[in-house]
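Participant: Starting from the structure of chain A, add chain B where the hints point.
Which chain is which? The protein sequence lines are A and B, in order. With the numbering used here applied, the first sequence has no gaps in its numbers, which climb one by one up to 313 at the end. With the numbering used here applied, the second sequence has no gaps in its numbers, which climb one by one up to 243 at the end.
A few of these clues could be false.
Stated by the list, open to error - Subject to a maximum C-alpha distance of 20 Å in a straight line, what follows is the list of computed EDC-like cross-link-like pairs (lysine to aspartate or glutamate): (1) B:LYS106 / B:ASP233; (2) B:LYS106 / B:GLU152; (3) B:LYS106 / B:ASP199; (4) B:LYS161 / A:GLU40; (5) A:LYS125 / B:ASP72; (6) B:LYS68 / A:GLU40; (7) A:LYS112 / A:GLU282; (8) A:LYS112 / A:GLU6; (9) B:LYS161 / A:GLU282; (10) B:LYS238 / B:GLU152; (11) B:LYS68 / A:GLU81; (12) A:LYS68 / A:GLU80; (13) B:LYS238 / B:GLU160; (14) A:LYS119 / A:GLU40; (15) B:LYS161 / B:ASP72.
What the hints assert, rightly or not - Estimated spans, in silico, between C-beta atoms of each pair: (16) A:GLY246 / B:ALA107: 48 to 54 Å; (17) B:ARG234 / A:ARG25: 48 to 54 Å; (18) A:GLN48 / B:GLU206: 38 to 44 Å; (19) A:GLY117 / B:LEU192: 27 to 33 Å.
As the list claims (entries may be wrong) - Stretch-level coverage of chain A by chain B, calculated; a stretch enters the list once three of its residues show a Cβ under 8 Å from a Cβ in chain B: (20) 45 to 54; (21) 91 to 98; (22) 260 to 273.
Calculated from the structure, these hints are not laboratory results. Virtual Cβ for every residue (Gly too), placed ideally from N, Cα, C.
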Amino acid sequence: MITLEFVNILMGLMFGGVAVVNLRDRKWTNAVFWGLWAETFIFGSHQPSFVSGLLLVAMVVVLVVGKLAGAPPERTSREEQEASARRWGNWLFVPALAIPVVTLIGTFTFKYLSVGGKPLIDPKQITLISLGFATVVALLIACIMLRPRASVPMIEARRLMDAVSWAAVLPQALAALGAMLVLAGIGPIVAGLFQRWIPLNTPLSATIAYAVGMAVFTVIMGNAFAAFPVMTAGIGLPLLVHQFGGNVIVVCALGMLSGYCGTLCTPMAANFNIVPTALLELPENAVIRVQMPTAAILLVANIAILYLFAFR
Amino acid sequence: MLPLLGIAIVIAGFALRINPLAVVVAAALATGLLAHHGIVEVISALGKSFVDSRSVAVVWLALPVIGLLESAGLKERARMVISNIKAATVGRLLLVYLALRQLTSALGLVSLGGHPQMVRPLIAPMAEAAAENRVGPLSEKLRRLIRAHAAAADNMGLFFGEDIFIAIGSILLIRSFLDSNAIHVEPKDLAVWSIPTALVALVVHGIRLLLLDRRIAKEKPDA
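Next up, chain A with everything else stripped away, as it sits in the complex (with noise of 0.2 Å):
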């Protein structure tokens, strides 16, 4: 069966080539950096938490201690790019758009694909195998169009992975630091918090607090499936469901997108804040100087869902 760990290999070939390119420029430290990444997603699945737990410890040291180079210059001028823009059209689009054409395909097909009764690839796993899958087709077809040598892909890839840098690893080292927080039993603290200095004696007090509260521990985690538990055990079960009688449904599901308005504020949600002012050469907080309006609205906007609907 076809499972995660198909894409987890196909990850861990492309950063050892991004690591291929870097030693090959004498990038000493990127190559570094990238290879110990690399080994974390080929062997990660078989060797001890302990050995991978040493080698995200270790790129952190080659990190401070080597400072990555940055990006490369693109190997094609704006010129070239205009002309062969020009040459190639509306095609270029095919590759590109091929990745979330083959990813649908994916998602709805891959299930019915069996092999003596078994289904081929693992059913949980399906959409992120397809994107996995989907990035190979359109690489294949953009090379039979633009028929580069075989090393230019990885090349590319380098440059635009050197210009994410260490961004691109932040997303895993934020999952790991919240379940270090739970592990270290920050829930009940933060819930404590809430509970001993907002007075939550109305059900509009109560849901501000756990709104709010929602939004402020997913600023602090960078994820709402973090706050979610916590808050809810906290404040929206006892209080809002049980004591103030309000609908459990309604309660949780706009706790949760309470959490999301948090989520659009917070360097902690690297890959939705972090990532793209790097892929886009931006200042390091442009992201979320843009959405904090509409969070902040949105966030008022599920208080006044949450207490006019669920206490009818």
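Facilitator: Quick look at chain B alone, frame taken from chain A:
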């Protein structure tokens, strides 16, 4: 209270502009150690969740093909296409993308968008070209604002669309949390209550995008 020190490290690190990856890993180690876990146990826990969350990196798999297409003029082509559509403005373009992203996410197709595969090669250059149509060459400040809005539209559409799909992670998390508290709910009921916020998000962010057009229109050409 000691675990809160980990959070303090993160806030201090970000404020002092120390490399965020180093700060986050240091905070994770400190949090584990302060909670009286041994160093081997802490590093193992770190390694386990790092490896368990590898799938967030799947978007980077798009980079070889995106880079290859960029060097063949994909961004330039995206610009040319928009230059030929006279009705295109930044606000309208991003509003359409926001609505599509919400709609596809609501159908569970969250991987159709994303920053590396859609925003950088297609949406951002198109938005910039739409602005150039109106006011000519862009100032660096305006160019950055437009790019940031392109990234934000992707996030908004994803966040306030995905919860309408019944099999998405957040709905499943709510359900299993409630199950463990002996409360049983149907995913579809949770999904239905995500719709009002989704509509508010479309309207509020849509208005902001259209206001962005007015701001761009005020920008003088060659400013």
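Participant: Can the restraint linking LYS161 (chain B) and ASP72 (chain B) be considered satisfied, given a maximum Cα separation of 20 Å?
Facilitator: violated (39 Å)
Participant: Starting from the range 48 to 54 Å, see whether the pair GLY246 (chain A) and ALA107 (chain B) falls in it by beta-carbon distance.
Facilitator: Hint holds: Cβ distance 51 Å, inside 48 to 54 Å.
Participant: Check the hint pairing LYS68 (chain A) with GLU80 (chain A) against an upper bound of 20 Å on the C-alpha distance.
Facilitator: Between LYS68 (chain A) and GLU80 (chain A) the Cα gap is close to 33 Å, so the pair fails against 20 Å, i.e. violated.
Participant: Next pair to validate is LYS161 (chain B) with GLU40 (chain A); report whether the Cα-Cα distance is within 20 Å.
Facilitator: violated (40 Å)
Participant: Mind checking, does the region 260 to 273 of chain A have 3 or more residues with a CB under 8 Å from chain B?
Facilitator: holds (count 8)
Participant: Verify the proposed pairing of LYS125 (chain A) with ASP72 (chain B), using a straight-line Cα cut of 20 Å.
Facilitator: holds (15 Å)
Participant: Against the range 38 to 44 Å, how does the distance between the Cβ atoms of GLN48 (chain A) and GLU206 (chain B) compare: consistent or not?
Facilitator: With Cβ atoms ~41 Å apart, the hint holds.
Participant: Given the hint that LYS106 (chain B) pairs with GLU152 (chain B), does the C-alpha gap stay at or below 20 Å?
Facilitator: holds (11 Å)
Participant: Does the Cβ pair ARG234 (chain B), ARG25 (chain A) satisfy 48 to 54 Å?
Facilitator: With Cβ atoms ~50 Å apart, the hint holds.
Participant: Regarding the pair LYS106 (chain B) and ASP199 (chain B), is the alpha-carbon distance no greater than 20 Å?
Facilitator: Violated, at roughly 54 Å.
Participant: Please work out if LYS68 (chain B) and GLU81 (chain A) have their alpha carbons no farther apart than 20 Å.
Facilitator: It is violated: about 46 Å lies between the C-alpha atoms, which goes past 20 Å.
Participant: Against the 20 Å threshold, does the CA-CA distance of LYS119 (chain A) and GLU40 (chain A) hold or violate the hint?
Facilitator: Given that 20 Å is the threshold and the Cα spacing comes to 30 Å, the pair is violated.
Of the numbered hints stated above, those contradicted by the structure are hints 3, 4, 7, 11, 12, 14, 15, listed in ascending order.
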